[in-house]
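S.K.: For the record, the sequence lines run as chains A and B.
Position one of the first sequence corresponds to residue 1 (the working numbering), numbered consecutively onward.
Position one of the second sequence corresponds to residue 1001 (the working numbering), numbered consecutively onward.
No lab work stands behind these hints, which were simulated from the structure alone.
By construction, the Cβ of each residue, glycine as well, lies at the ideal position given by its N, Cα and C atoms.
Some clues are possibly wrong.
[Said to hold, decoys possible] DSS-like, lysine-lysine: derived pairs with alpha carbons at most 27 Å apart:
(1) B:K1107 x A:K205
(2) A:K58 x A:K233
(3) A:K58 x A:K121
(4) B:K1130 x A:K198
(5) A:K233 x B:K1004
(6) A:K121 x A:K233
(7) B:K1107 x B:K1130
(8) B:K1130 x A:K58
[To be verified] Partial pick of chain B residues on the chain A-facing surface, computed with a CB cut under 8 Å:
(9) M1088
(10) N1089
(11) K1118
(12) Q1119
(13) G1121
(14) P1139
[Stated by the list, open to error] From the structure, some residues in chain B lie toward chain A, with a derived Cβ separation under 8 Å:
(15) A1093
(16) T1103
(17) P1105
(18) E1106
(19) F1151
(20) L1154
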Amino acid sequence: MKLTKFAFIAVVAAVALAYNAKAQVSFPLVNLTISGTVSYNAASPVDNGTTTKLALTKVSVTTKWLINLLNASPTVTSTLMDVTGTNQIPAGSYFVYDLNTNNVFDDPNFGEVMSLIVTNKNGFSFTLVGYDSVATTNYDYGFLNIDQVNLIGSYSQNDSTRAGSESDLTGIEFYFSDGNGNQLDDFGNGSLTWSFGKVSGGVQKTTLSVNFTAPNGFSDTVNNNAAIAQNVKCSGKATGNVASGVFPFYLWWLELDIFGY
Amino acid sequence: MRPKFIFALLLLAFLVLGAALFLKQHLENTAAPPAGPEIAASAPVASNVVAIIVPPPAPAPAVTNVLTPEQRQAAIDAETDRLQQWSMNDDPASLSNILADLTNPEKEIRDAAIEATKQFGSTNAIPTLKAVAANTTDPEEQIALLQAANFLSLPAISDSSVQLPKTPEQIQAATQKQEQRQKQNPK
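Sequences and hints are given; from them, build the entire structure.
M.R.: Structure representation (structure tokens):
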């Protein structure tokens, strides 16, 4: 009798685990490259006696420098220590874009916040939006959102294998802040290009390329000076297994009904 | 009869459990960021001086006509991953590898190499970018190479992080703001 009960529980547990494994099928994390330029007034005007001049300072923004800014910020390093146990992002780390919608913040304009994660090949991982359980506060050092409403797409899908390709266009918001006087909050648009393999075992091998451009600065600062960012670009590519039923992505995404419309 | 039933049930349970674990492990592997090879292992050793001369075609990846389209794409993706990893380093060997890929036969790799050069952030790459641009027939690629050279000539944010003295007007405005805040919050 007891053995029968045990066997029954074992079956239920196994089925639950199997279901959980299917639920974990998610979008692949995209290795992201970020670049752009920012202009601001770094200096005071210079008066040579006849003319007073003030020039704009233009600086470059790269993934590496964004990580350097995070490492130089006392606010970020404190959070890093609380969340990861180290106060510095290791050299060689890079950004990945997490399209999965399971984050703690909701953006009033865009809906779910898509995570930017700083990671490396040795297991380090720091999500730029999250909750610091030591400081008992939320933190927000960056995200990359796609517009939940203004997302359009074209696609071609095989009726039997459900393999195919898709090209989506969407509005985006890129946000970065080191909590130390440097911030980029820029809007633009971009593309998500998908390639889906045939459905097998409930999943499709999927390649995703993202190419986002925020051509105009919206709310930027450099060293606490008002700044204007130009042509901030975020791009990358990833391959992984995605649950079938996501293709076409743009329709699936709209049906998530994040805003409750 | 009953032990047989129990045994069958247990066997089924273990089979499902095994399948679940296998599936879970498999999916976790596919969801993880693409693992790149060890940089040091694949990096050809170069001198500390970055060549101004246009580098010879890159030795990797081996993209030949023998490869299937899938293999070719996989080779391109692997090299693109390596470029991204090299771009996050600061050593001359990584820069040398990136510059070598500026003349790779695959356009996708050349494009990735241009971006990697920007990300690496060394002004040492400017002469090579200009030299490759001069030998490129594709006008779009030529523009991208020259834009990358211009990009590298800019200082990075961290380079300009020195706080400069504020103007008298800025100081006055800041004082006024502080006084206003104190009036609103007398604590």
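S.K.: Hints the structure violates: just list their numbers, smallest first.
M.R.: 3, 4, 5, 14, 15, 16, 17, 18
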